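So the sequence lines, in the order shown, correspond to chains A and B.
Per the numbering used here, the first sequence starts with residue 1, numbered consecutively.
Per the numbering used here, the second sequence starts with residue 1, numbered consecutively.
Because the hints were derived from the structure by calculation, they are not lab data.
Accuracy of the hints is not assured; some may be wrong.
Claimed, not checked - These stretches of chain B come out as covered by chain A in the derived footprint (C-beta under 8 Å, 3 or more residues):
no., region
1, 39-47
2, 124-132
3, 139-148
Stated by the list, open to error - Stretch by stretch, here's where chain B covers chain A in the computed footprint (C-beta under 8 Å, at least three residues):
no., region
4, 340-349
5, 358-367
6, 398-406
To be verified - If you want a taste of the chain A side facing chain B, the calculated C-beta under 7 Å gives, among others:
no., residue
7, 311
8, 312
9, 352
10, 353
11, 354
12, 355
13, 389
Computed from a predicted model, the values in this text were never measured in an experiment.
We put the CB at the ideal spot given by N, CA and C, even for glycine.
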Amino acid sequence: MPLSRPLTDVLPPPDSTVTLGFSNPHATWDSSFFESFPDTAFIQITFSGLDTARRYDGLVSVYGPLGDIRGGRDGLRVTRPNGTVAIYQPFAHLPTPDTLKATWVDSAIVAGTALANRSPSAGDGNQCLLGNLPVPCYTYTGKQTYTIHYIRVGLVVSSSPDTVSRPGVAAVVSATPTYRFNGQTVPYSMSDWRWVPRGLVGRTLPCPGTVTSCWSNIWETGTMYADAVVNGFSETDSTEIHAYCPSGDSVLDNSPAREAILELLGQEWRNADPNDSVKANRREQAGWVYQDPTTGRMVPWMNPTGGTDACDSWPGTGPAGLPGSAFTYFVHVHPFGKNEQLPSTKCPGRENGTYDPSPSPHDRSFLRQEVHDNGVPTSAQGIIMDKNNIMRFPLKGKFVPIPRYNSAAGCQVI
Amino acid sequence: MRGRRMSPAWRLFLFVFSIGVALIASPVKAANREVASVCQPVDTDYDNFVDDYRTIVSGVDSFSIGERSSLSLPQLPDDSVTAVSDSTTCNRAAIAYGLNLSVPDTTTSRQLYVVRIGPTRYAVADPQMNAGEFLINMIFDSSFTTMFAKVAR
Numbered sequence: 001m002p003l004s005r006p007l008t009d010v011l012p013p014p015d016s017t018v019t020l021g022f023s024n025p026h027a028t029w030d031s032s033f034f035e036s037f038p039d040t041a042f043i044q045i046t047f048s049g050l051d052t053a054r055r056y057d058g059l060v061s062v063y064g065p066l067g068d069i070r071g072g073r074d075g076l077r078v079t080r081p082n083g084t085v086a087i088y089q090p091f092a093h094l095p096t097p098d099t100l101k102a103t104w105v106d107s108a109i110v111a112g113t114a115l116a117n118r119s120p121s122a123g124d125g126n127q128c129l130l131g132n133l134p135v136p137c138y139t140y141t142g143k144q145t146y147t148i149h150y151i152r153v154g155l156v157v158s159s160s161p162d163t164v165s166r167p168g169v170a171a172v173v174s175a176t177p178t179y180r181f182n183g184q185t186v187p188y189s190m191s192d193w194r195w196v197p198r199g200l201v202g203r204t205l206p207c208p209g210t211v212t213s214c215w216s217n218i219w220e221t222g223t224m225y226a227d228a229v230v231n232g233f234s235e236t237d238s239t240e241i242h243a244y245c246p247s248g249d250s251v252l253d254n255s256p257a258r259e260a261i262l263e264l265l266g267q268e269w270r271n272a273d274p275n276d277s278v279k280a281n282r283r284e285q286a287g288w289v290y291q292d293p294t295t296g297r298m299v300p301w302m303n304p305t306g307g308t309d310a311c312d313s314w315p316g317t318g319p320a321g322l323p324g325s326a327f328t329y330f331v332h333v334h335p336f337g338k339n340e341q342l343p344s345t346k347c348p349g350r351e352n353g354t355y356d357p358s359p360s361p362h363d364r365s366f367l368r369q370e371v372h373d374n375g376v377p378t379s380a381q382g383i384i385m386d387k388n389n390i391m392r393f394p395l396k397g398k399f400v401p402i403p404r405y406n407s408a409a410g411c412q413v414i
Numbered sequence: 001m002r003g004r005r006m007s008p009a010w011r012l013f014l015f016v017f018s019i020g021v022a023l024i025a026s027p028v029k030a031a032n033r034e035v036a037s038v039c040q041p042v043d044t045d046y047d048n049f050v051d052d053y054r055t056i057v058s059g060v061d062s063f064s065i066g067e068r069s070s071l072s073l074p075q076l077p078d079d080s081v082t083a084v085s086d087s088t089t090c091n092r093a094a095i096a097y098g099l100n101l102s103v104p105d106t107t108t109s110r111q112l113y114v115v116r117i118g119p120t121r122y123a124v125a126d127p128q129m130n131a132g133e134f135l136i137n138m139i140f141d142s143s144f145t146t147m148f149a150k151v152a153r
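Bound-form chain B, shown alone:
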């Protein structure tokens, strides 16, 4: 029936329901929100960051083998480890990174080091997320859905 007026109780129910939906939906909305995250410009610092992962990934010594094991990284040649500079990947990395912080934060804009390690792994660090001199590094799968390791290095 058209034009039927709602009772006060029904209106109260709808109001509370809509508030609840809004609250539930807000994290989803935040997670999908477009943030201005970008990759760090490739420079000497970025190169060194990449080189440090090359040491681990290509090394055949006990140190490198141990690091690969604890960080869930494959053994690959040096040229399989590269700096990422496309903003799409860095944006996805930023969201995954933010979700895995102690206090999840996907709204802050980040300028990230993102290292592609073969076809299956990414190493990500935000220079602003540190513990003393160390940066918080996270290792993700290629879809940024699984985090394998989170370390300060």
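With the rest of the complex left out, here is chain A:
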């Protein structure tokens, strides 16, 4: 983690107003320990309090960092080979009109120890010199304040490609800081990689150890997560990688809503805590797939407050303003596997039992009521997922079981 931030230090005021002049170039030499950067750091330096009408290169500067010094864009110069972080004067060697700001802000990648000081000068008080070139002089009074922030950069995880042509094909996964600074990489180190299959079941392996990039065979759709420390901040990012696996159900596979259905099932499943050994902690989740009236796209929508109980859920009414005719699939999950004992405390009713995969009569009647009362089309269908199967059921008629693992194709549908 970064040191306490922001780091602030103050150069105390000089005894009186000082004008660095040609005859007294070293009269106000002051220095103050500022901070050490044992590791490379990407910082923002704010310097304020300079009460001056003139400027001179090196009047106030942060000396240091002795290690890796790169960058510097505006305001403070940090590109000096001796490690000086100084006020940046684009035309310091020219006697240009004075446009000095009272506050300077700049960023740099630094390492080592930084000192702040008022530097010596050269000149006669009216005319200062940079080398042999005459430049305007500074005067200053009061204190000058330096503040340093560690810059939060963030992490981005990417995959190429983001959809593999078939399960098992490799993709290149990498994690880097969100941006580079002046062509340089902001310091970071990887902590961990995790792969979360969309339906929590799969065989894809995450990148190993603390590598920043790897080839990974993608066996099922899921999300690759990376944890890293970027410039001292703990960061996490992820990318979803798709691997198409046919379900074997032609209705589902040919539906324009297929991806939205699977995405919603995955979202609900992960929110249902289906592997919690305390079964009473599991929560059904429910929602809808609807067709966006504007774009025509099929959109998954999970009711954020729909997970009421281990054996009950409420899909809600969907996003506000949608007509009932937009809703095409009522989608929810039963967070149990065949023959699992239902938790009596969270599956309220008059009798306990073991779970058997099927749409419940309540699922059936709910869809029917939505059609009858809320204008949901009669073509709407119900989709349920439990630990082993997806079940698709129409308004009336037999349900269709779809195993989550397609043994014929050898891949995980979800």
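Please arrange chain B on chain A, whose structure you already have, making use of the hints.
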């Protein structure tokens, strides 16, 4: 001998004996008691309940095969799975169902889903006997004497 009076001890024995007989006989009496159990009216919900068993019974996929195995159901064509609407069968189903509840109860009147699955099986559920959204289903033989499975679905 006629008119012989019983001794107090004998009367006490008969009293205790009669109480015992009454207690022993009461469950039998309850079990045989006429309750007003009937079949659910055949409607869309009932049809869907039947269709869900048709999926299992007629399916040739691994899901259906597994379900038939665990529920002890035969493989049959769809038209062998039908909703029962005669009250005699539903009454018998209600008694069998009630006897197999965690707390046996054959006195409560029920309105049941009863599905005849070929000549050898019945699936029975009471909409009032639930675990969350699931109904407690029981699978019986044709005489309602053997329960093969009891599940929440």
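Discussion item. The hint names residue 354/A as touching chain B; please verify it with the least Cβ-Cβ distance against 7 Å.
Written reply: This hint holds: residue 354/A lies near chain B, its Cβ roughly 6 Å from the closest one there, short of 7 Å.
Fill in: Hint validity - residue 312/A Cβ closer than 7 Å to any chain B Cβ
holds (5 Å)
Worksheet item: Would you say the region 39-47 of chain B counts as covered by chain A, given the rule of at least 3 residues with C-beta under 8 Å?
Response: holds (count 3)
Discussion item. Under 8 Å between beta-carbons, do enough residues of the region 398-406 of chain A, three at least, approach chain B for the coverage claim to hold?
Written reply: holds (count 5)
Discussion item. Next item in the hint list is residue 389/A. Is there a CB on chain B closer than 7 Å to its CB?
Written reply: holds (6 Å)
Fill in: Restraint check, 7 Å cut-off on beta carbons, for residue 353/A near chain B
holds (3 Å)
Worksheet item: Is the interface hint for residue 352/A satisfied, with its Cβ closer than 7 Å to some Cβ of chain B?
Response: holds (6 Å)
Worksheet item: Per the CB criterion, is residue 311/A less than 7 Å away from chain B?
Response: holds (2 Å)
Discussion item. Is the coverage entry for the region 340-349 of chain A by chain B consistent with the three-residue Cβ rule at 8 Å?
Written reply: holds (count 6)
Worksheet item: Should the hint that residue 355/A touches chain B count as held when the rule is a Cβ pair under 7 Å?
Response: Constraint on residue 355/A satisfied, holds at 6 Å.
Practice prompt. Apply the coverage criterion to the region 139-148 of chain B and chain A: a residue qualifies when its Cβ sits closer than 8 Å to a Cβ of the chain, and three qualifying residues are needed.
Written response: Violated: only 0 residues of the region 139-148 of chain B have a Cβ under 8 Å from chain A.
Discussion item. How does the region 358-367 of chain A fare against chain B when you require at least three residues with a CB closer than 8 Å, holds or violated?
Written reply: holds (count 8)
The structure fails to meet hint 3 from the earlier list, while all remaining hints are met.
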